[in-house]
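J.: For reference, the chains in residue letters:
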Amino acid sequence: MQAYALLFILLQCLLTGSALGAQAGPRVQVADAYLELRTGPGRSYPIYYVVERGEWIEILKRRTDWFKVRDAKGKEGWVRRAEMEQTLTEQGGKTDFKEAVLSDFSRRRWEMGIMGGDFSGSNVISLYGAFAFNAGLAGEISVSQLFGEFSDSLMGNIDLVAQPFPMWRVSPFFALGTGIIDTNARKTLVKSRDSTDQVSHVGVGARAYLTRRFILRAEYRNYVIFTSKDDNKEINEWKAGFAFFF
Amino acid sequence: MESRLRILFLITGLSILASPPLPAAPASGEDAPVIQPAIERKEIKEARIDTENFEVGAYAGMMSVEDFGTGPVYGVRAAYHVTEDLFLEAAYGRSKAGETSYERLSGSAPLLTDKERALSYYNLSVGYNLLPGETFIGSRRAFNSALYIIGGIGSTDFAGDARFTLNLGAGYRLLMTDWLALHVDVRDHIFDIDVTGEDKTTHNIEINGGITFFF
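Protein chains in written order, with my numbering: chain A, 1 to 246; chain B, 1 to 215.
A few of these clues could be false.
Stated by the list, open to error - Simulated pairs of lysine to aspartate or glutamate, EDC-like, Cα-Cα distance not exceeding 20 Å: (1) Lys187(A) / Glu52(B); (2) Lys229(A) / Asp182(A); (3) Lys187(A) / Asp178(B); (4) Lys75(A) / Asp157(B); (5) Lys187(A) / Asp194(B); (6) Lys187(A) / Asp157(B).
Said to hold, decoys possible - Here are some chain B residues pointing at chain A (derived, C-beta under 8 Å): (7) Pro132; (8) Thr135; (9) Tyr172; (10) Asp188.
What the hints assert, rightly or not - Across the chosen pairs, the derived CB separations fall in these ranges: (11) Ile137(B) / Glu76(A): 28 to 34 Å; (12) Thr113(B) / Phe174(A): 55 to 61 Å; (13) Ala58(B) / Phe246(A): 24 to 30 Å; (14) Leu180(B) / Ser120(A): 44 to 50 Å; (15) Trp179(B) / Lys75(A): 16 to 22 Å; (16) Arg107(A) / Arg48(B): 43 to 49 Å.
These aren't lab readings, by the way, just hints derived from the structure by calculation.
Because the structure is a prediction, the values reported are computed rather than measured.
All residues carry an ideal CB built from backbone N, CA and C; glycine is no exception.
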């Protein structure tokens with residue numbers, strides 16, 4: 001009997017859950033004198049309809065800072081975020097759409113980005129992903145493609161990155177890592193040969209929190225390539241790029 | 001007098017006995033609010049708002065590879081719209097280069113093998129919607145559209161080597177619905193090449209049409 005009751009409750013939870021999923025978007029009430037509906041998600045699209053104060057609108061979807069809404073008469077249009085924040089929620093409070101802020105940047109868990117720069121005369125493009133173990137320490141994996149005069153290379157690295165001041169808007173970091181570089185000599189050159197070598201590096205750089213989930217990142221790395229020849233190669237790399245976090 | 005005192009003691013005694021349950025009453029959870037709100041409480045749950053900032057799609061067109069003629073190109077692209085003006089795009093495309101006029105006229109050994117003639121590229125670009133607005137088709141229909149400029153960096157794999165590539169271009173996006181767009185895109189892929197006897201910077205123009213979906 002108890003099992004049946006439990007099953008019934010579970011079923012009901014499931015049903016209400018799915019009903020919620022299928023339900024229409026959240027509703028807000030216009031509190032300004034009127035709300036302008038545009039034909040598209042941008043300031044350059046014309047205003048073709050206005051919703052009056054006191055009317056309820058349903059939020060259908062969002063693109064960048066624009067919301068597509070539908071009013072009681074079924075008119076659909078796009079409203080900018082600043083205007084949407086002047087509406088009232090169903091419990092009468094002000095509507096607030098949360099955006100990532102500086103404190104979210106300090107508490108970020110995952111980070112992904114691309115960078116471009118110079119690898120001792122060669123062009124370099126890097127793609128990286130990072131996971132923060134805590135506010136001060138993160139692990140990073142990066143893949144770089146290098147385009148040199150005599151060769152092009154693919155390089156993979158893993159890094160341990162320390163960030164001593166995670167609360168700062170412009171936050172410096174220090175990196176220590178190792179990896180592998182796979183070099184392919186230019187086809188038109190006869191004397192060069194392909195090689196795969198181990199590399200290790202130290203790095204220093206800074207992240208600057210831009211806006212929302214975006215970061216500007218610049219760094220310097222000093223690589224040591226353990227070549228099969230007698231001497232190791234030391235290389236300076238400078239690069240900068242964008243990243244986002246979540 | 002005595003009986004009155006006894007009654008007083010009795011009352012105090014009783015009240016002391018009776019008092020413990022009184023403070024215990026709120027803890028038992030029986031003090032319900034005086035007024036039960038009739039309205040169901042609802043927060044604006046942003047997770048419930050469908051955000052459509054990503055755009056993915058495929059394209060096909062023609063690509064002119066400097067010195068090597070023009071061949072078909074096809075590729076895929078994904079974009080993230082940061083603001084109404086700015087977007088980031090990643091693309092991957094493949095093409096096939098033809099023969100140089102030298103190879104055709106001289107009849108000598110080909111400069112490249114068939115495998116080396118296959119061209120593939122990837123790029124990461126930033127785009128700006130320069131002219132967003134509406135496009136009128138006929139007198140009754142208006143579609144949202146945007147003319148955008150785009151540029152970025154990437155790599156082109158051609159003639160046996162990977163080459164650092166700059167790309168610059170412009171495109172036109174026509175939104176058939178909120179989530180379906182048609183693209184026409186013109187792009188210049190700029191990279192250095194040395195297979196024709198000199199080290200030179202080449203401009204490789206690509207023109208393509210495509211379809212993308214917002215989600």
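J.: Each of the hints needs a verdict: does it hold here or not?
T.: How the hints compare with the structure:
Pair hint Lys187(A) plus Glu52(B) does not hold up; C-alpha atoms about 44 Å apart against a cutoff of 20 Å. Note on Lys229(A) and Asp182(A): the hinted pairing holds, with a Cα-Cα distance of about 15 Å set against a maximum of 20 Å. With a CA separation close to 48 Å, the supplied pair Lys187(A) and Asp178(B) exceeds the 20 Å bound. The straight-line distance between the Cα atoms of Lys75(A) and Asp157(B) is roughly 50 Å, outside the 20 Å bound, and the hint therefore fails.
Restraint check for Lys187(A) and Asp194(B): the C-alpha separation of about 10 Å stays at or below 20 Å, so the hint holds. A C-alpha spacing of about 12 Å is found between Lys187(A) and Asp157(B), which places the hinted pair at or below 20 Å, so the restraint holds. With 8 Å as the threshold, the beta carbon of Pro132(B) comes within range of chain A, its nearest partner Cβ sitting at about 5 Å, so the hint holds. Contact between Thr135(B) and chain A, as hinted, is not supported at the beta carbon level, the nearest pair being about 11 Å apart and thus beyond 8 Å.
The beta carbon of Tyr172(B) comes no nearer than 15 Å to any beta carbon in chain A, farther than 8 Å, and the hint placing it at the interface is violated. Nearest Cβ of chain A to the Cβ of Asp188(B): about 18 Å, over the 8 Å cut. The hint is violated. As the Cβ distance of Ile137(B) to Glu76(A) is approximately 20 Å, the hint placing it in 28 to 34 Å is violated. One distance hint, 55 to 61 Å for the beta-carbon pair Thr113(B) and Phe174(A), is violated here, with the actual separation near 47 Å.
One distance hint, 24 to 30 Å for the beta-carbon pair Ala58(B) and Phe246(A), holds here, with the actual separation near 27 Å. Checked against the hint of 44 to 50 Å, the pair Leu180(B) and Ser120(A) passes, with Cβ atoms roughly 46 Å apart. Distance hint for Trp179(B) and Lys75(A): a CB-CB separation of about 19 Å, consistent with the stated range 16 to 22 Å. Range check, Arg107(A) to Arg48(B): Cβ separation about 24 Å, and the 43 to 49 Å hint is violated.
The earlier numbered hints that this structure contradicts are 1, 3, 4, 8, 9, 10, 11, 12 and 16.
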